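Engineer: In case you want the letters, here they are:
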Amino acid sequence: MCNFPCDSILDEVICMSKERKICFLQGNEACAEGAIAAGANFYAGYPITPATEIAEGLSRLMPETGGKFIQMEDELSCMGAIIGASMAGAKSMTATSGPGFSLMQENIGYAVMTETPCVVVDVQRGGPSTGLPTLPAQADVMQARWGIHGDHAIIALAPASVAEMFSMTIDCFNLAEKYRTPVIFLPDAIIGHMREKVELPADDEIQLYPRRKPSVPPEDFKPYEPCEDGVPEMANMGDGYRFYVTGCVHDETGSPKMMQPKVSDALIRRLEGKIVNNRDDIVRYDEKYTEDAEVLVVAYGSVFRSAQSAVEALRKDGIKAGYFRPITLWPSPDREFLRAVESARAVVVPEMNLGQYAGELARILGANEVVRKLVPLTKVNGELIRPDEIYDCVKNVLEEA
Amino acid sequence: MSFDKSFLRQSELPTIFCPGCGHGVVTQAFLRTVKELGWDKDDVFSVSGIGCSARIPAYCNTSSVQTTHGRALAFATGMKMTRPEKHVVLFLGDGDCTAIGGNHFLHACRRNIDMTVIILNNYIYGMTGGQASPATPHGAYSSTSPYGNIDEQIDICQVAVAAGASFVARSTVYHAQQLPGIMKKAFNNHGLSVIEVLGPCPTGFGRQNKFRDVGEMYDFLRDATVSTARYEQLSPEEKEQKIPIGIFRDVQRPEYIDKYNAMAASIKSRKEPEHIECKSSDGGQIGRFELTFAGSGGQGLVLAGIILSETMIRQGKFAVHTQSYGPEARGGSSKSEVVMGDGDIDYPEVLNADLLVAMTQASYDKYRKDVKKGGLIIADTTYVTTVEQEDVNCLSIPISQICSTDLGDIRCANIMTLGILAGKLGFIEYDALRESVLARLAPKLHDLNIKALEAGYALGRGTVGKE
Ligand SMILES: Cc1ncc(C[n+]2csc(CCOP(=O)(O)OP(=O)(O)O)c2C)c(N)n1
Ligand code: SF4
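The listed protein sequences correspond, in order, to chains A and B. As numbered in my numbering, residues 35 to 435 make up the first sequence, in order. As numbered in my numbering, residues 2 to 468 make up the second sequence, in order.
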């Protein structure tokens with residue numbers, strides 16, 4: 035039986051200073067520092083704008099802190115290497131942008147199927163294809179959700195500041211370990227490249243979720259037997275627990291069982307369920323003025339900053355606007371959004387894509403038979419959506435309504 | 002040789018292999034070798050991709066992982082770097098290794114990480130039912146070369162040698178007795194070892210190529226192969242007909258993880274992110290203040306933006322810095338923006354600049370219109386020759402020229418500009434700015450740049466120049 039203390043917070047933080055520190059860091063630098071603070075000790079990377087500084091930072095930080103850095107031959111192998119490292123006991127990460135993220139998908143699926151914790155950073159730029167290599171976009175939101183083949187649930191977080199590039203990288207690692215899943219970290223080029231004031235926490239302020247090591251001896255261990263929360267314990271390779279890991283559908287012992295419909299059904303439902311059923315623990319969001327907002331602005335990532343600015347300006351001008359920010363884009367904060375939208379007549383969704391998250395919000399509204407006017411405010415020219423654009427859009431929506 | 006059944010993962014038996022398949026022979030040879038070497042089962046990582054051959058780890062009572070098609074070497078690289086004390090052995094099909102995984106194979110050989118790659122070359126994609134692989138001989142039949150294969154066959158061992166593997170050998174399942182010996186050599190090599198094992202796939206290859214039974218395929222392996230020594234003595238025409246078997250390379254080459262560890266050991270300490278001492282803000286409100294530095298690459302405008310931002314933070318204020326990247330920056334032009342404020346800054350880019358520093362004519366022309374009414378433009382008239390004033394103020398100073406004539410170095414123009422800003426804008430504290438300059442620049446540059454900063458400050462305060 036599995037009895038891992040599912041809500042434990044144990045691992046010690048090393049390599050961080052004893053005191054809080056104010057720094058001026060670039061988003062990607064902060065992400066690299068956050069990985070070290072999270073205890074990451076393996077990074078595999080391949081250069082790509084606008085994510086390269088994460089690899090550059092960790093090529094220095096990993097050997098400085100006793101971890102391993104490797105520049106692989108492509109993103110397929112980066113993903114493979116971080117999964118292999120994690121299976122062998124490392125906390126591992128890779129970072130890329132759109133084209134590389136596409137290449138990683140098959141192995142991300144493998145990490146989902148084998149329940150291997152790891153963090154994949156996709157600093158979003160304009161696509162498809164080479165697209166706008168240096169300019170920001172939020173166009174990988176749906177790829178993060180559905181880039182891999184097969185049914186699954188995924189965890190994806192969108193930071194909106196350099197401070198969050200640090201803190202949420204740690205959060206990503208904790209979620210990856212806790213739910214034994216790849217976690218997608220989705221900054222955009224603005225957040226990755228800008229520099230901002232950050233207060234780095236002292237080491238005793240950082241909480242780390244440990245590897246869910248087996249609580250039973252090898253002879254009683256079943257590598258895919260779930261604990262109460264649906265997540266199995268994880269034996270690192272080479273620690274005396276010998277078993278077989280495969281991307282094929284498998285039973286609780288890890289043995290491939292492709293011709294047993296019950297086994298397949300149970301596995302695929304458990305893999306989705308361990309995230310969906312724990313969504314209250316996973317979902318992160320932010321909101322303001324939602325109690326009486328007539329128009330709700332839903333924004334995430336760098337665009338959230340514009341939305342904040344616009345909503346404050348609207349409030350100053352006596353217009354009842356509010357904002358709701360999904361921090362976990364996946365699983366989406368559906369219930370929280372439904373509550374936030376109660377007072378609103380309309381929802382404005384500014385995003386640097388053609389309405390990818392607006393589609394998810396429409397799905398949530400529709401599935402719950404909530405009728406609201408939903409107005410996507412889209413921009414795909416490589417420019418950040420400005421506060422005045424959101425301001426005007428909200429005003430127009432109110433006038434029309 | 003005895004065969005210890007405890008090395009087999011009984012729960013996965015029987016194997017999926019067809020009668021006569023060569024993969025079982027290699028599995029046996031491997032497990033025998035592991036036993037003979039006295040390796041602990043917990044110390045062995047068996048790793049594979051996808052294919053019939055990729056099932057081998059399932060049958061080995063080791064830490065066994067079947068990864069994705071072609072990518073096993075990437076996964077194994079992560080495993081080995083994490084647990085260098087473990088023995089990592091890979092089982093790859095010819096298709097898995099040389100087609101979809103070809104790139105990883107090249108780079109694994111090049112890195113020379115201490116792992117062993119066993120390639121089960123059966124000339125065909127077995128698992129998917131007999132399609133041509135890069136190892137399928139020219140002219141052979143397969144379900145995707147029904148008129149005979151027009152592709153050329155890859156020589157896996159030659160590729161491995163060329164790519165840098167330190168141990169490279171070829172054998173066949175007909176020569177099964179020799180396999181453990183070769184495997185031992187490979188396992189003992191401290192670097193990347195490649196063993197190509199030719200073997201029969203009666204189901205996928207044999208049937209389509211007129212081998213009446215497995216026996217004939219074994220006959221082929223016997224008759225078509227010669228030792229590397231004999232092979233060397235053959236005429237070019239004879240060589241065409243034969244496949245050399247034996248060891249092609251067995252050399253010492255620096256191993257990747259050893260090199261990594263040596264590099265890591267030479268590092269003295271962790272470089273922590275630079276800490277900024279900041280005092281609490283003196284209460285003077287600046288609101289939102291937007292500043293653009295624009296000019297060309299090499300003028301140090303990004304650095305100027307960073308130093309200015311850090312100065313504000315030192316003063317207890319907030320700042321966000323953004324810059325142009327890529328084509329724009331490479332094309333010669335450079336833009337560096339700082340948005341300052343009393344608290345967290347929301348929109349991070351310049352919307353309506355309060356101040357533009359223009360260091361080239363082109364950048365002046367491009368960004369002049371982004372300056373708000375009543376805003377200020379500081380133009381380096383060394384390069385900005387045409388200044389049009391409409392509803393903005395303009396301060397024209399030949400900054401670069403002053404730097405080169407008075408200070409003998411044009412490169413401190415960015416720091417002089419910061420001095421001008423501090424002199425001109427009341428809210429930038431000179432001492433905080435000076436500290437930021439010292440923190441960001443190498444000590445050998447301090448003298449020159451502090452002179453530039455002082456001179457700039459004087460210029461700014463006196464607003465020398467035409468306003
Ligand atoms: C990305 C991907 N493409 C295609 C396949 C289908 N596939 C499975 S096994 C295989 C070929 C295996 O041939 P080989 O590597 O020579 O091994 P063998 O089966 O002959 O031992 C292919 C193409 C796959 N699993 N994954
Ligand atoms: S198809 Fe070929 S390679 Fe696969 S098990 Fe059968 S004989 Fe072996």
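Simulated from the structure, these hints should not be mistaken for laboratory data. Quick caveat: nothing in here was measured; it's all calculated off a predicted structure. Note that the Cβ used here is the ideal one computed from N, Cα and C, for glycine as well. A few of these clues could be false.
To be verified - Example chain A residues on the side facing chain B (calculated, C-beta under 7 Å, incomplete): (1) Ser111; (2) Glu140; (3) Lys322.
Stated by the list, open to error - Here are the simulated distance ranges between beta carbons: (4) A:Gly184 / B:Ala440: 49 to 57 Å; (5) A:Val310 / B:Gln132: 38 to 46 Å; (6) B:Val252 / A:Ile48: 33 to 41 Å.
To be verified - Straight line, CA to CA, 20 Å or less: simulated EDC-like cross-link-like pairs of lysine to aspartate or glutamate: (7) B:Lys280 / A:Asp273; (8) B:Lys42 / A:Glu53; (9) A:Lys350 / B:Asp343; (10) A:Lys52 / B:Glu273; (11) A:Lys55 / B:Glu436; (12) B:Lys370 / A:Glu417; (13) B:Lys6 / A:Glu253; (14) A:Lys55 / B:Glu278; (15) B:Lys260 / A:Glu90; (16) B:Lys240 / B:Glu153; (17) A:Lys52 / B:Glu278; (18) B:Lys373 / A:Glu423; (19) B:Lys260 / A:Glu107.
Engineer: Against each hint, give a clear statement of whether it holds in the structure.
Structural biologist: Going down the list of hints, with the structure as the test:
1. With a cut of 7 Å, the hint placing Ser111 (chain A) at the interface with chain B holds, because the nearest CB-to-CB distance is about 3 Å.
2. Nearest Cβ of chain B to the Cβ of Glu140 (chain A): about 6 Å, under the 7 Å cut. The hint holds.
3. Because the closest C-beta pair between Lys322 (chain A) and chain B is about 12 Å apart, greater than 7 Å, the hint is violated.
4. The beta-carbon spacing between Gly184 (chain A) and Ala440 (chain B), approximately 51 Å, falls within the hinted interval of 49 to 57 Å.
5. Evaluation of the 38 to 46 Å hint for Val310 (chain A) and Gln132 (chain B) yields a pass: the beta carbon distance comes to about 39 Å.
6. Hint check: Val252 (chain B) to Ile48 (chain A), Cβ distance near 39 Å, so the stated range 33 to 41 Å holds.
7. Restraint check for Lys280 (chain B) and Asp273 (chain A): the C-alpha separation of about 51 Å exceeds 20 Å, so the hint is violated.
8. Of the pairs offered as hints, the one joining Lys42 (chain B) and Glu53 (chain A) is violated, with about 45 Å between alpha carbons and a cut-off of 20 Å exceeded.
9. With a CA separation close to 18 Å, the supplied pair Lys350 (chain A) and Asp343 (chain B) stays within the 20 Å bound.
10. Using a Cα cut-off of 20 Å, the hinted pair Lys52 (chain A) and Glu273 (chain B) holds, with the two alpha carbons roughly 12 Å apart.
11. The straight-line distance between the Cα atoms of Lys55 (chain A) and Glu436 (chain B) is roughly 17 Å, inside the 20 Å bound, and the hint therefore holds.
12. Restraint check for Lys370 (chain B) and Glu417 (chain A): satisfied, since their Cα atoms lie roughly 18 Å apart, inside the 20 Å limit.
13. Note on Lys6 (chain B) and Glu253 (chain A): the hinted pairing holds, with a Cα-Cα distance of about 18 Å set against a maximum of 20 Å.
14. Between Lys55 (chain A) and Glu278 (chain B), the direct Cα distance comes to roughly 9 Å. Compliance with the 20 Å bound is thereby established for this hinted pair.
15. For the proposed pair Lys260 (chain B) and Glu90 (chain A), the alpha carbon gap of about 19 Å is at most 20 Å, so the pair holds.
16. Distance check on the hinted pair: Lys240 (chain B) and Glu153 (chain B) sit about 16 Å apart at the alpha-carbon level, within 20 Å; holds.
17. As the CA atoms of Lys52 (chain A) and Glu278 (chain B) are separated by approximately 16 Å, the hinted pair is consistent with the 20 Å bound.
18. Taken as a hint, the Lys373 (chain B) and Glu423 (chain A) pair is honoured in the structure, with Cα atoms around 18 Å apart against an allowance of 20 Å.
19. Under the criterion of a C-alpha separation no larger than 20 Å, the hint pairing Lys260 (chain B) with Glu107 (chain A) is consistent with the structure, at around 18 Å.
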